[in-house]
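As they're listed, the protein sequences go chains A and B.
Just so you know, we're using our numbering here: the first sequence kicks off at 24 and counts up by one.
Just so you know, we're using our numbering here: the second sequence kicks off at 26 and counts up by one.
No lab work stands behind these hints, which were simulated from the structure alone.
All of these numbers come straight from a predicted model, not from anything done at the bench.
Please note that the accuracy of each hint is not assured.
To be verified - No farther apart than 25 Å at their CA atoms in a straight line, the calculated lysine to aspartate or glutamate pairs in the DMTMM-like style are these:
no., chain 1, residue 1, chain 2, residue 2
1, B, Lys28, A, Glu124
2, A, Lys80, B, Asp121
3, B, Lys122, A, Glu98
4, B, Lys122, A, Glu124
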Amino acid sequence: DSGVTQTPKHLITATGQRVTLRCSPRSGDLSVYWYQQSLDQGLQFLIQYYNGEERAKGNILERFSAQQFPDLHSELNLSSLELGDSALYFCASSVTSGGGETQYFGPGTRLLVL
Amino acid sequence: LAKTTQPISMDSYEGQEVNITCSHNNIATNDYITWYQQFPSQGPRFIIQGYKTKVTNEVASLFIPADRKSSTLSLPRVSLSDTAVYYCLVGDGNTDKLIFGTGTRLQVFP
Chain A
24 DSGVTQTPKH LITATGQRVT LRCSPRSGDL SVYWYQQSLD QGLQFLIQYY
74 NGEERAKGNI LERFSAQQFP DLHSELNLSS LELGDSALYF CASSVTSGGG
124 ETQYFGPGTR LLVL
Chain B
26 LAKTTQPISM DSYEGQEVNI TCSHNNIATN DYITWYQQFP SQGPRFIIQG
76 YKTKVTNEVA SLFIPADRKS STLSLPRVSL SDTAVYYCLV GDGNTDKLIF
126 GTGTRLQVFP
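Chain B extracted, bound-state conformation:
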């Protein structure tokens, strides 16, 4: 199965930009990369999705290199309310199973 790994945790301060990387070394050729945010005791919430290069929406940007073996979620000017766990989700190239990354716990300080 593909290994989909993320840093366990990151700390930041309000107003800073945060970049969280997900490594997915065996992503399915036709699959998208999706990022979710999860607060305690809640279901994951969609942030952004992309297939290649760069995608931007009102809350984040997603950078995907040409080989698609990793992706980077960029949160501009984080606030305290961005404290959460962030997951990437990809499809495995061999099994087509959906695999969540290991999750990154982001703590934003005042």
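Bound conformation, chain A alone:
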């Protein structure tokens, strides 16, 4: 158990819908990262937050957005969902944001868009 929690574990929805994925980092970790893992794209970095502020952006679509709240939990919002958004979504946390920080991954949310 990494100490990072994600909810829900599974999510099934329809195209065009909007969903919110939630992540609670390890106690004391200020940084949260979001990743998408699909069969054809592998593990893709989406976005990073550090202490409530956006720190780095990866391959995140404009239909997707995220935020980190004062209690440090984070939410990833996916809207206008398409079939291709079906994937595993992981969040990870680390103590700070600098190079050399070990990221601890949550168990993931499996999203299926029908």
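Based on the hints, put chain B in the right spot on chain A.
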């Protein structure tokens, strides 16, 4: 963007040493190289991290040449439970984006 490539798959037998190489031709100057292990339907799990030369911990060693354009994860005496997918993670030198390698599926046979 940096290309971060790994062999797609490797086979080994219990008790053997396994070396998995990741090529990262445009790694960020100040970034570390991190390796993760992933089992099916689980999140990646940290194995080892380094910046240059050699790092060793209780489960693996990491070899990084001077130019840092590649790294090699070494698993000594693998067991069946080491069957998993292994990923390297680096920062891209141009964009600072984090990039996972393509992943190597390691199958360990008895």
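Right, here's what the structure says about each hint:
1. B/Lys28 <-> A/Glu124: Holds, at roughly 22 Å.
2. A/Lys80 <-> B/Asp121: With Cα atoms ~9 Å apart, A/Lys80 and B/Asp121 stay inside 25 Å; holds.
3. B/Lys122 <-> A/Glu98: 20 Å, holds
4. B/Lys122 <-> A/Glu124: 15 Å, holds
Every hint from the earlier list agrees with this structure, and none is contradicted.
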